[in-house]
Structure formats: structure tokens, C-alpha cells
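Protein chains: 2
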Amino acid sequence: MADEPIIISVKGGVCAPQGFFADGLNCGLRKGDQGDLAFIRSDTPCEAAAVFTSNRFAAAPLIHAKKHIDRKVQAIVINAKNANAMTGEEGLKAVYEIVRHIPFENPLTSSTGVIGAPLPVEKIVAGVKRFDWNAKNPDAAARAIMTTDRWDKQIALKIETANGAFTIGAMCKGAGMIAPQLATMLCFVTTDAALSKERLQEHLNNCLDTSFNAISVDGDMSTNDTILALANGKSGAYEPTAFEWALERILRHLALEVVKDGEGASKVAAFEVKGAASYGEAKKAAKALSQSLLVKTALFGADPNWGRIASTIGACGAECDASRLVILIGEIVVYDRGENKMDEATERKAAQVLQGNSFRIVCDLGAGEESFVAYGCDLGYEYVKINADYRT
Amino acid sequence: MADEPIIISVKGGVCAPQGFFADGLNCGLRKGDQGDLAFIRSDTPCEAAAVFTSNRFAAAPLIHAKKHIDRKVQAIVINAKNANAMTGEEGLKAVYEIVRHIPFENPLTSSTGVIGAPLPVEKIVAGVKRFDWNAKNPDAAARAIMTTDRWDKQIALKIETANGAFTIGAMCKGAGMIAPQLATMLCFVTTDAALSKERLQEHLNNCLDTSFNAISVDGDMSTNDTILALANGKSGAYEPTAFEWALERILRHLALEVVKDGEGASKVAAFEVKGAASYGEAKKAAKALSQSLLVKTALFGADPNWGRIASTIGACGAECDASRLVILIGEIVVYDRGENKMDEATERKAAQVLQGNSFRIVCDLGAGEESFVAYGCDLGYEYVKINADYRT
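Respectively, the protein sequence lines represent chains A and B.
Quick note on the working numbering: the first sequence kicks off at 68 and runs consecutively.
Quick note on the working numbering: the second sequence kicks off at 68 and runs consecutively.
If we strip away everything but chain A, and leave its shape as in the complex, we get (with noise of 0.2 Å):
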């Protein structure tokens, strides 16, 4: 960047960008007074970028969008409590009923909850209709496509360059699930940037790997996990190192906090690995140790069990010897190329810092050049409890 740009947090979440409407309202999917039914929109139709679940059972609001995302679009209603999964034709047909009442052009759905249960379609186009298409309630929005989410999860970034300056907002819901059902991601993002679809497809691609696609809350994949970036053009400022660096640390935040308030978690780990011969092999490494049951339950317990981690990067493939490995639990060093440096000193130290809300865990593989760092959570009773229990 020849002139660096600024970059600063606003408030506002999707309706910080020039252009943007956002409210969420209860239309009687959940109980309560909490909203289940949210909108974003803009004032005019923006270029549009997608990132959908690979999952082959991809639910109906995914089908449909990716068969309209290649025309400009100008709104999306989220919908919490039914997934809109698994349900064939019927579920397609309900979309389609859905955007029907949506007074914008080419607007797409998007919904999170149980799997296979008909969508209540009646109930959502109610409250389409009652919508504030003129509100800016960001937090109404983001509050209504939680499910077992702690806390809305948002963030808005405003960019300043030589060229002009622009907003990108998003927000995002986590990891929690329906009165148990699968974990779905969902993340909006909305901008007033100025770039073609084709461009912010291509920032958004890239932002994934360090972001979304390094966490991990447990494995498993949803059938309507989706990020979906709308950007309407009215700031008419652009610049591209700014907008993707901005866009990365937007996205970073929110995976971060879709990992920290993962089911049952009550840490935040971030498994570095480097040394890696190659930046697969670096990815496959810290991406096992995010994952593997036994590294997730020794966090849980603050035991600094190097002997799980070790394991753990030797059962995943990457080229790694025993003689070259080096292990840290924070800055604490418990495995040293061969020597296991676990006497009762470093054993307390290494323990004190599993007992923090958040820490690093470092494997230098010695076999090059390579790192990558994933992020995942502890697995307690508490993820026991709230997938285990009985739906009510």
C-alpha cells in the first residue's frame, strides 16, 4: 500500500456500510420475545459473493441462492429455529413462497435450526410482512439469527485510503445448536466498497483459509453453513489490499468468536504449527490437533499432556521426527527435540497457562518453512450436556 490506509472499528454491525437496513422481529419460530427472523437490504441491488457448505445435502435456501447469486441482489432474510434441510421439493417450493413477499430485487433466504422438520412458511411470511424495511436495528438482526449462541456476534470496520474511504460490517452466528440439532455458521457481510462480484468473491476465497476454515468447534459440517458478502457500491471507494486485509481481520474476529462461544467451550486454543515441510502438511497438523478428542479434553482439564500432542501431529501424516519436534504450551518449552523437558516446575507453569480463558500451543516440526495456525475450543461436560439432551 504506498499510502498505508487506516483502518478503524465503527458501530453499526451490517448497516454500518453507507445503504444498508437491517431489524429482526419474532414471527413464533421461537418462543419467547427473542427474534427468529431477521433482513439485511440495501437501497440499491449489490454484487454479490457466496461461500456455501460442501455438504452434499445442502438445504433449500442453498440451493436456491446459488442458482440467483449471479445476478445483483438486493436483500436476504434469515430465518433461526429450521434449517429448511433435508426436506426435498417442499422446502425448495417454500423458499421460492418466501422471496415472493421479499420487495426487492432478487432477494435470497438463508435459515439455521432443525433438520428435516417442514418449514413454517406461513409464520415467516407473516413476518416478512411485518418488517421495517427503513430500520437500522443491527443488533435486532444479529440477536435474531442466534440459536444456542451466547452473545450476537458483530463487528464493523471503516477503511480509509488515498482513494476514498469505505464501511465493511458483517455478522455472523456461531457453533450452537438447536435443542440439539447441527451446528450451522452463518456470516453476512455488507459493504458500500465498490468492487465488481468478481473481485469480492476473489477476497472473500481468500480470507477463508486463515479465518473460517481454521476453526473448529467439532468437526462436523452443516447442511447450511454460508457466508454471503453484498456490496452496494456507495461509497465509491475501492482499494484492494486494504479492502481484503480489513475483510481477513473482520472475518478472523468472528470465527474467533464463533470458536469461543463453541458449544460447551469455555477456552480458546490456537494451535500453531511451523517447521512444516509444506503448508499442507502445516494445515493438516493444526488442523488435527484442533480436532483430536483427547488434545480437546486435556485443555479442558488444564493438563499439559504434551504426550496427546505429540501423538497427535505423528498420527497426522505430516513429515515430522521425533529428534526435530519441538512442543510449547504458551512460551513454556515441555518437549525439546527428544528431551522431555517435564519436570515438576514446567509441569505447574504449563498447567497455569491451560488454566487461562485463551493460550497458544506452538509445534515446530523442523521439517521447513511452513506454519499455519488453526483455532479450537476444550470439550467439557458442558458440550455433553447440550448435544445429549433429549429434544424437548
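Simulated from the structure, these hints should not be mistaken for lab results.
Mixed in with the good hints there might be a few duds.
Treat identical chains as interchangeable: a pair holds within one or across any two.
Taking lysine-lysine pairs in the DSS-like style, the calculated list, with each CA pair at most 30 Å apart, reads [unchecked claim]:
{"no.": "1", "residue 1": "Lys196", "residue 2": "Lys301"}
{"no.": "2", "residue 1": "Lys408", "residue 2": "Lys203"}
{"no.": "3", "residue 1": "Lys160", "residue 2": "Lys351"}
{"no.": "4", "residue 1": "Lys139", "residue 2": "Lys416"}
{"no.": "5", "residue 1": "Lys190", "residue 2": "Lys408"}
{"no.": "6", "residue 1": "Lys196", "residue 2": "Lys341"}
{"no.": "7", "residue 1": "Lys452", "residue 2": "Lys327"}
Go by the hints and put chain B onto chain A.
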């Protein structure tokens, strides 16, 4: 088989075949009276075949065994409480020191327990010197190799064929942990059948896919996993088809015992995937089901949550269309080619199935003719408890 062989279950575990001896004792690695050191030995040197972990950090006894297993093997000494893994050159020296005191031809060792701690060689050597090599105490041997296993795991089958009778015995320890360390699976097979090392290895390889390779407790792979078979030829008899049939039955029995005794497991599930486009896809899908945390916690909660099953199938990459998929919980059809069959009565019946100790989950992908059965267990509070409690 021209003349149908008669196969009967017999007592005696690894001592059931002619010419095999075994015992266990406490050499001071484990507190209390329970044994921690076992041997198996034969009258005469044996043809030996083995399969070892594919973990890159294979433990010292495995490095030693791989080097010496080309020759005939007469004895094996197994210790619990210390895995002798990630122990470098010292670990390997320890193995050579131990085998020096085993008074039989080309002895091997095997270890399970804590990773990274130096092996207490002197205690083990003192134990080895105390062994009564003429004892036939298969129960003591099977108990000495247990870690957090709740029961010892043994079986023996006698096979009477037109070409004479032979016996196969085996003992095994499962995915239990050493307070808490990485799960290790060890399995030792003895037989008096008269067959070559090559045939023995071939039978072993052929039987693994449907036994130990079909089970999952937590998806982690130990540094010490070992299956070792010794054949001393004493019976003079051998019939390949009957041998392999019996060996497969033995290994599958022990593999299921391991799942049943999985850490914190209260239920065993057989995940049968059929109608797959290829054997590889059937296996991938069945194993994905057995390893999904969301499926495992649903089993624990007896929640007939077919959405999690469907989504796991959709995520695993196997060819499958939602309009052809059929899902059964026990005998109950819960999803039938696009149709959610889950009314209240069905849900109650399916939940009843999952309240049992063992049951079958069947997914017909409707994409071909291939099938695979994987075995797994539920994941509940007890798993977290065992694996998160700080070492004391």
C-alpha cells in the same frame, strides 16, 4: 470349504493353543496388587506376523520389533503404565536391556501407558527375572496388560477340519488410558496351526479391515498400537479358509470388546452403510458416522436425531442423493428417500432402540451395491471425566 470345519469356543486364551505359556505379575509400575507385566512364550520359536501403528512417532518397542520380526519369535514381554514412546535413543536401549534378560529366542517387547516418561528398566528386568516361564495363567497375563480397561479381553477358538485340528487364542487391551494418556490398543494372537509367516501375515491383514480397522472410540491413533500373531505349528494342522474365518471372528470379537469398553462408553453402535457406489465410500461414510461427535452425543442422549446422521453422510463426500437416502435406527425407518418419517410414535420407538446397550444404525445411500459396517460408541460425561482429570 469342502468339509465344513467345526469351530468351537474354548477356554485358555493365549494358552489354549498347544505349547504356549503366559503369566502376569506386578513389578512395581502400578500401585496395588494388579499385574503390570506379562509374558507370552512358546515351547519353540514361532512364525510371527504383526501390524503396527502408522503413527510416525512409533514407540521404542515397535521400532525394535519391526527390526527383529523377520526372524522367528519365541517370547514377548508386555508392560503397562509406561508407553516407552517419545523416549529417543534411551527408550530403544531400554528395550535391548530387557530382551537381554528374556531367556528365549528373539524375544520382543510391547508397552502401553504414559508417553515421554523414561521406562523404569530396572523394575521391568527384576520382574522378568521373577517370571515362572512354565506358568499357564492367561487370565493373569490379560489382566496385567489392562490400563483403564474395565475387564480383561480374551478369546480362543478350536477349529476341527478334515486336515486336523488347530487352535487360535488371543488377548487384547483396549482404548483405555493411563490416567490420562493416549489410548493404546494391543492385541496378541497365539496359534498352534502350522502355517508360514507369510500366510500368517496375509490372514492378519485380511482380517483387520472388518475388525480393528472398523472400530472407533475417539478417532485418535496411538504411538503403540500393535497386533502380533505367533504360530508355533505344534498342531501340525492348517486349513486356510477355516483359519481366516476363525481369526476374523476372534479379532472382530476383541475389537467389539474394545468399543464396548471404550472410555466412558455405555453403548455400542454398528453403523451399517449400504447401497454405496464403492467399498471405499461405504467405509468412509460408516467411519464418519462412528466418529461424529454430534452422532456420538445423540446416542448418549438416546436422541433419534436423524438430521445429524444425514448431515454426516452428506459431509463425508460419499456419492449420495437426499431423494434416494434411507435411514433406519434399529428396524425403524426414520427417513425414507426425501420423506421425514418421524411422527411421534416413530420417534418414541426409535428413542427406545437407542436406550439399549447395542443397536444398528443403517444408511442405504441408494447409489450402488457396496456396504461396510463400522463400530462405535456413545460419548458422554464419563469420557470427559476420564480424559480431562488432571494426572495425580
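Status of the hints after comparison with the structure:
For the homomeric pair Lys196 and Lys301, the shortest alpha-carbon distance inside one copy (27 Å) is at most 30 Å, but the shortest distance between copies (84 Å) is not. Within a single copy, Lys408 and Lys203 get their C-alpha atoms no closer than 56 Å, and across copies no closer than 42 Å, so neither meets the 30 Å cut-off. In the homo-oligomer, the alpha carbons of Lys160 and Lys351 never lie at most 30 Å apart, since the shortest distance is 40 Å inside one protomer and 33 Å across protomers. With identical chains, the CA atoms of Lys139 and Lys416 are never at most 30 Å apart, being 55 Å at best within one copy and 48 Å at best between copies.
Taking identical chains as interchangeable, the C-alpha atoms of Lys190 and Lys408 lie at most 30 Å apart only when they sit on different chains, with a minimum of 23 Å there against 61 Å within one chain. In this assembly of identical chains, the alpha carbons of Lys196 and Lys341 never lie at most 30 Å apart, being 53 Å within a copy and 46 Å across copies at closest. In this assembly of identical chains, the alpha carbons of Lys452 and Lys327 lie at most 30 Å apart whether taken from the same copy (17 Å) or from different copies (22 Å).
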